[in-house]
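Fit chain U to the given chain W structure using the hints.
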Amino acid sequence: MVPDAALNIVWALIVALAVFAYIVMDGFDLGIGILFPMFHDEHERGTVMNTIAPVWDGNETWLILGGGGLMAAFPLAYAILMPALYTPVIAMLLGLIFRGVAFEFRWRTQRARKFWDGAFFAGSTLAAFMQGVALGAILQGIRVEGRHYAGGWWDWLSPFSILTGAALMAGYATLGASWLILKTESELQQRAYRIALRCGLALVIGIAGVSLATPMLHSQYAQRWFQWPNVLLSAQVPLLVLIAAVLFFFALKHHWERAPFFLTLGLFTLSYVGLGISVYPYLVPQSITIAAAAAPASSQRFMLVGTVVLIPIIIGYTVHAYWVFRGKVGTEGYH
Amino acid sequence: MPAAILLARAQFAFTMAFHIVFPAISIGLASYLAVLEGLWLVTARDTYLNLYKYWLRIFATVFGMGVVSGLVMSYQFGSNWSAFADKAGPIIGPLMAYEVLTAFFLEAGFLGIMLFGLTRVGKTLHYIATLAVAGGTLASAFWILAANSWMQTPAGFGTNAAGQFIPLSWLEIIFNPSFPYRLVHMVLAAYLSTALIVGSVAAFHLLRRHDTPEVKRMFSMALWMAAVVAPMQIIAGDLHGLNTLEHQPVKIMALEGHFDSSPHGAPLILFGLPDQAAGRVRAAIEIPLLSSLILKHDLHAPLAGLNSVPRADWPPVAVIFWTFRIMVGLGFAMLALGITSLIARARGSLYTSRTLQRAALFMGPAGICAVIAGWFTTEVGRQPFTIYHLLRTVDSASPLAAPAVASSLAAFALVYFTVFGAGAFYILRMMRSPPHAGEPANPEPVPQRSAGIVPQGLV
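For the record, the sequence lines run as chains W and U.
So the first sequence is residues 28 to 362, counted in our numbering.
So the second sequence is residues 3 to 461, counted in our numbering.
Isolated chain W (complex conformation) (with noise of 0.2 Å):
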């Protein structure tokens, strides 16, 4: 069994790992989400949707997992993040609803059917703008007193909060364009690989623009990042960005199927680590740590029993259900 000291990094890593598979799956079919205007007649709209119409609901469930563990776990952080982040939480949540229902209702109304396409297009692209507008909220800081949050209700608007909404976005749109590029033939994936060129280009200039900015916000994460010896194991995370963004527009010229996705998955990857070299051991940034935060081991202990026997198994159908729709989304979709 788990020692109590150990629980509180084993619960942060299963956070963290729930709200990374979140941002990866639901992300790419929030891109296409996004890029749905480029997209004009119903047979090229129908082959997009068909592409993520099997798993979007099945990525979008890790979210919940995501909110729901950070408030059993760490509900000290989630009780002060919430209130902080409230306008941003809230408008994702609205732009969940409405994209999520847009899948079903689309198909249920010829008359309607734009309405719920531009509902598809909006919510997408807000719930991805307001989720990068909440992490940098959190980058720059919240201000807490006691066990509140204390700072009004605009604080998470800043300039670098939009910076990293807008990096976000395309960050998602690019994920999106090359889960395209993977799943689609002809001419529809010669135009993902135009809007990918594009995508990856803002997100490389997104990601250049959020890293420059975060050491300036605060001394910790310059310290963080130059401080020596730190700095060389720290460098390594840039210079691996500086590699695989590389690659990417080269395998994007030499018309590869497959490396642009998971290229763009790599940048995902890369960036969430730098985020975590930023912040840890903080869950809310300069002032509330993991252990701070944390629910007594008993609550913990208590969830963890169902945990680790059920997120196995979600993550076995869940690699089971994509395997299964590997390959190119026909015309028809996969029916």
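I should point out that these hints are in silico values taken from the structure, not numbers from a laboratory.
No residue lacks a Cβ here, since even glycine has one placed at the ideal position from N, Cα and C.
Possibly wrong hints are sitting among the right ones.
Away from chain U, derived, C-beta distances all over 12 Å, residues of chain W [said to hold, decoys possible]:
| no. | residue |
| --- | --- |
| 1 | 33 |
| 2 | 224 |
| 3 | 246 |
| 4 | 249 |
| 5 | 252 |
| 6 | 269 |
| 7 | 273 |
| 8 | 277 |
| 9 | 285 |
| 10 | 312 |
| 11 | 316 |
Label-pair restraints from in silico Cβ distances [stated by the list, open to error]:
| no. | chain 1 | residue 1 | chain 2 | residue 2 | range |
| --- | --- | --- | --- | --- | --- |
| 12 | U | 430 | W | 145 | 21 to 29 Å |
| 13 | W | 299 | U | 310 | 53 to 61 Å |
| 14 | U | 360 | W | 145 | 38 to 46 Å |
| 15 | U | 405 | W | 254 | 42 to 50 Å |
| 16 | U | 386 | W | 354 | 55 to 63 Å |
| 17 | W | 177 | U | 412 | 21 to 29 Å |
| 18 | U | 173 | W | 318 | 27 to 35 Å |
| 19 | U | 37 | W | 354 | 37 to 45 Å |
| 20 | U | 405 | W | 262 | 41 to 49 Å |
Relative to chain W, chain U alone:
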């Protein structure tokens, strides 16, 4: 109570009142589908299969709306009730995490097979999937009601230096005093609501003379449910009320409208206008001593009134006085429908009595209305506390400015009416065409994924 907190309560009530409709129908329909498929497997009659496919389409859409409205609920604890989340998180959090995990695993995992797998996995495996989904909806109800009941009748906990509630015994926390009663009452409510909806759809088609074998079969099944479950629900409700009297007497005083103590037996107030400020019920129509008989099974048993507790601990009396009467009134209307159907059945006029069909049509939304009224009764009756007698609502809210909560409430109202209004419209449109022989195997000829990541091609 500050405006921001009132708005936060309004927001929770609004989103909850929308949300609860979907799981209530999901629980009921999932079990109904399991019964239909079981009957089909045993009897091999196509009527059951056609009914299964018909209600499966509706189930998928309802389930999808339940998922998105549930997502909002799981974040609202933090966004609007952060002090509660901090203090109760160590206990409520794991219960809700289990709800998510079981919902994720059983419902989402098997729903795909249930929706798209009938022709692909074989009957036995498909039936296992249907049972797993039905079990999953019940497991979700189990965990959510454990969390909810703990807030009403907390047990098995201690407190730490930070003011958090910490778990001491998970068994006592889960099986807290009101939990078994609440679980039974809610699951029966879900079954009854679904039966009334099914009966209403059947009555609609019977009235339009679409009396196919499928329509008659579901009409009969729905009215059997009403006849059997409505009396059970009245008994369960009574037991739940006695349990509440034991653990939350103030809630009972308020919903009965008992402002004054009655040392020699309390009257049952049928109707009246509770005036919380004046501390009395105006224009009361009451039956002497009946309340003591119902609650204590003794005409002259003394019952304490709200004047025996500090005003600061009173719940909003008028709200729950009325929601309770709406719930009970609808419950007895359901009982009347069930009895009428038994009489019609005995006379052999079950499928021909227009009066019965009109009544069944009219009663379609009654179960859902009763569920919402019941939730208002129990949740508003818990006020002014979030955790009964331990944590006040005013000490539970997030440090938010009123305009922030007001704008999010407006946004929720706009989005919910648009989205769930459209959803209700599409569901009603599906219900407008009657189930018939040779229902299509798949819900739609197009991608249809309300939830579930095990898709059609997999199985």
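Quick rundown of the hints versus the structure:
no.	hint	in the structure
1	33	holds, 18 Å
2	224	holds, 28 Å
3	246	holds, 28 Å
4	249	holds, 31 Å
5	252	holds, 30 Å
6	269	holds, 35 Å
7	273	holds, 34 Å
8	277	holds, 33 Å
9	285	holds, 20 Å
10	312	holds, 18 Å
11	316	holds, 14 Å
12	430/U / 145/W: 21 to 29 Å	holds, 24 Å
13	299/W / 310/U: 53 to 61 Å	holds, 58 Å
14	360/U / 145/W: 38 to 46 Å	holds, 41 Å
15	405/U / 254/W: 42 to 50 Å	holds, 43 Å
16	386/U / 354/W: 55 to 63 Å	holds, 59 Å
17	177/W / 412/U: 21 to 29 Å	holds, 26 Å
18	173/U / 318/W: 27 to 35 Å	holds, 28 Å
19	37/U / 354/W: 37 to 45 Å	holds, 39 Å
20	405/U / 262/W: 41 to 49 Å	holds, 46 Å
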